[in-house]
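Novice: Listed below are the residues making up each chain.
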Amino acid sequence: MPAFTPPVGSLTVGLGLKSPHYAEALACSAAGLWFEIHAENYMVDGGARLAWLDAIRRDKPLSIHGVGLSLASEARPDPDHLDRLCDLVDGLEPALVSEHLAWSRHGDVYHPDLLPFPRTRARLACIADNIDEVQTALGRPILIENPSLYLALRGHEMAETEFLTEIVARSGCGLLLDVNNVHVTTHNLGGDARAYIDALPAEAVGEIHLAGHAPDERLGDALLIDSHDAPVSNAVWSLYDHALARLGPRPTLIERDGNVPDFAVLMAERDRALVHYDAQGARLHA
Amino acid sequence: MPEQATDGFEAAFHAMLSGDTAALDGWLAPDGQDRSVVDVYRNSVVKARLDALEALYPTVARLVGRDWFRAAGAEFAHGSPPVDPVLDTFAEDFPDWLAGFPPAHDLPYLAPVARIDRAWMRAHTAADAPVLSSAMVAAMPPARLFSSTARLHPSTTLFWFDWSVVSIWIDNQPDAEPDEPMVWEERPEGLLIVRAGHGVIWRRLARPEWAFLAACRDGHDLGRAARDAFAADPAVTLSTLFAGLLSARAFSTLHPEIQNDV
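Chain order of the listed sequences is W and C.
The first sequence begins at 1 in the UniProt record's numbering and counts up one residue at a time.
The second sequence begins at 1 in the UniProt record's numbering and counts up one residue at a time.
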């Protein structure tokens with residue numbers, strides 16, 4: 001499997017595609033715009049979702065972002081689910097395919113969340129094998145996203161950046177750097193967000209995520225939740241600048257999954273991201 | 001496949017999510033973090049399940065109110081958690097479960113209303129297929145029409161109830177503002193759920209229409225479907241009935257009887 005190479009240039013800042021925005025997404029002609037979908041929402045036989053997506057992807061690049069492969073499980077990926085992902089990727093020919101450094105399946109039960117785990121060397125071997133199996137089935141490398149963490153666990157043998165670096169080296173996958181997740185995790189569990197970004201292998205980062213977070217309902221500001229239901233915070237914009245300065249321009253996605261505003265509001269947030277993206281691009285080429 | 005090595009963490013986390021609040025204690029760092037942080041995961045999983053259930057059964061949720069729905073839903077999901085990351089497939093057995101749920105015994109319309117909600121969601125994501133037009137039917141030689149079979153569109157579901165389930169379901173659609181109070185009474189009602197373009201539509205069915213469609217659904221030819229419609233109502237006008245169902249986009253393809261010429 002050839003290692004992941006970032007597709008710099010064709011994709012600038014994209015948006016998570018939401019069903020209320022299908023018609024506007026199709027009509028929008030903004031340069032460099034692309035869309036990301038959650039794979040599991042489109043694993044259906046037919047109907048409106050697939051029809052809209054098929055129309056939108058004709059002139060806008062697409063990214064498929066899986067939430068259900070449970071790659072950080074000790075168990076192998078569910079073969080039926082992997083088959084469905086292969087079918088989706090074959091049919092939609094996305095520019096990017098990504099998944100999470102998290103698990104969600106135990107036995108027959110699927111927990112609709114992205115769950116944490118102790119970062120041991122034994123588990124690293126399982127995860128690298130799981131990623132390898134997925135990449136072999138898809139015939140292409142995927143990107144792995146750093147999680148938002150809430151719980152201080154015992155038993156970690158490696159820092160998360162070291163863990164991700166090793167996974168990239170073993171499997172040839174790329175990384176999806178979620179800047180909001182870096183902010184949330186380092187806020188919740190300690191650590192320096194900029195040092196986290198500096199410790200990742202820059203050449204492996206193929207995509208950046210930006211999103212909003214919220215204080216926990218009970219614990220308040222002591223615990224930030226990766227809620228995707230608010231605009232990107234000032235702290236995350238600042239961290240995004242740091243990431244761009246270190247990595248150079250990378251396809252960047254604005255995620256919004258709750259309190260979804262009008263398409264125009266998301267496009268305005270995209271314009272703001274483009275200012276950051278272009279400024280760093282200009283700086284690099286000066 | 002060799003036995004997978006395990007550190008026991010996933011089983012402990014799963015037990016915690018399933019209600020054993022202390023199951024994860026041995027895995028928590030002794031750093032003074034508020035132990036209730038584990039609730040963030042438990043609440044998040046429960047919320048995701050209930051959000052999915054509410055999206056799949058919106059009419060049930062409207063009928064019983066959000067609090068009742070989510071309390072019942074949490075009980076259902078605890079016993080029948082999702083097994084598939086494609087949450088469109090979650091809770092197929094929720095209507096049957098509601099039928100046996102003691103607090104719903106005084107609400108006998110809930111389970112059948114849930115079945116209609118399910119059919120609606122199924123129609124939304126059913127396979128794409130051609131829609132049979134009246135012109136295609138007209139192209140079939142009349143002599144062969146009655147021995148042909150008309151396949152229903154994959155998005156089609158038919159219902160027939162002896163009680164007023166259909167009226168209750170229609171009056172509790174998202175935009176509905178019914179003038180009359182809800183009436184639960186013995187009153188035969190039929191309903192067709194089918195996709196039309198990008199949307200899903202409903203249409204009330206008269207008894208002969210339901211009989212005609214049910215025969216087609218069961219693989220019988222149009223002659224048998226016509227006889228069943230006449231049996232339901234001897235005064236029915238067959239051409240009008242068929243034209244109405246064609247314009248409702250209920251059918252997909254027309255298949256002449258295989259001629260065994262050899």
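If you're looking for bench data, these hints aren't it; they were derived computationally from the structure.
Some clues are possibly wrong.
[What the hints assert, rightly or not] Simulated DEER-style distance windows between Cβ atoms: (1) W:Gly139 x C:Val183: 57 to 67 Å; (2) W:Val260 x C:Trp68: 36 to 46 Å; (3) W:Glu162 x C:Ala99: 51 to 61 Å; (4) W:His242 x C:Ala15: 34 to 44 Å; (5) C:Ala15 x W:Val260: 42 to 52 Å; (6) W:Val265 x C:Pro108: 37 to 47 Å; (7) C:Asp128 x W:Ala27: 15 to 25 Å; (8) W:Asp257 x C:His105: 35 to 45 Å; (9) W:Glu217 x C:Ala11: 24 to 34 Å; (10) C:Met136 x W:Ser29: 46 to 56 Å.
We treat Cβ as the ideally placed atom computed from N, Cα and C, and that holds for glycine.
Novice: Now look at each hint and say whether the structure bears it out.
Specialist: Against the structure, the hints:
no.: 1; hint: W:Gly139 x C:Val183: 57 to 67 Å; in the structure: holds, 59 Å
no.: 2; hint: W:Val260 x C:Trp68: 36 to 46 Å; in the structure: violated, 26 Å
no.: 3; hint: W:Glu162 x C:Ala99: 51 to 61 Å; in the structure: holds, 54 Å
no.: 4; hint: W:His242 x C:Ala15: 34 to 44 Å; in the structure: holds, 40 Å
no.: 5; hint: C:Ala15 x W:Val260: 42 to 52 Å; in the structure: violated, 34 Å
no.: 6; hint: W:Val265 x C:Pro108: 37 to 47 Å; in the structure: holds, 45 Å
no.: 7; hint: C:Asp128 x W:Ala27: 15 to 25 Å; in the structure: holds, 23 Å
no.: 8; hint: W:Asp257 x C:His105: 35 to 45 Å; in the structure: holds, 37 Å
no.: 9; hint: W:Glu217 x C:Ala11: 24 to 34 Å; in the structure: holds, 28 Å
no.: 10; hint: C:Met136 x W:Ser29: 46 to 56 Å; in the structure: violated, 38 Å
When the structure is compared with the earlier hints, violations turn up for hints 2, 5 and 10 and for no others.
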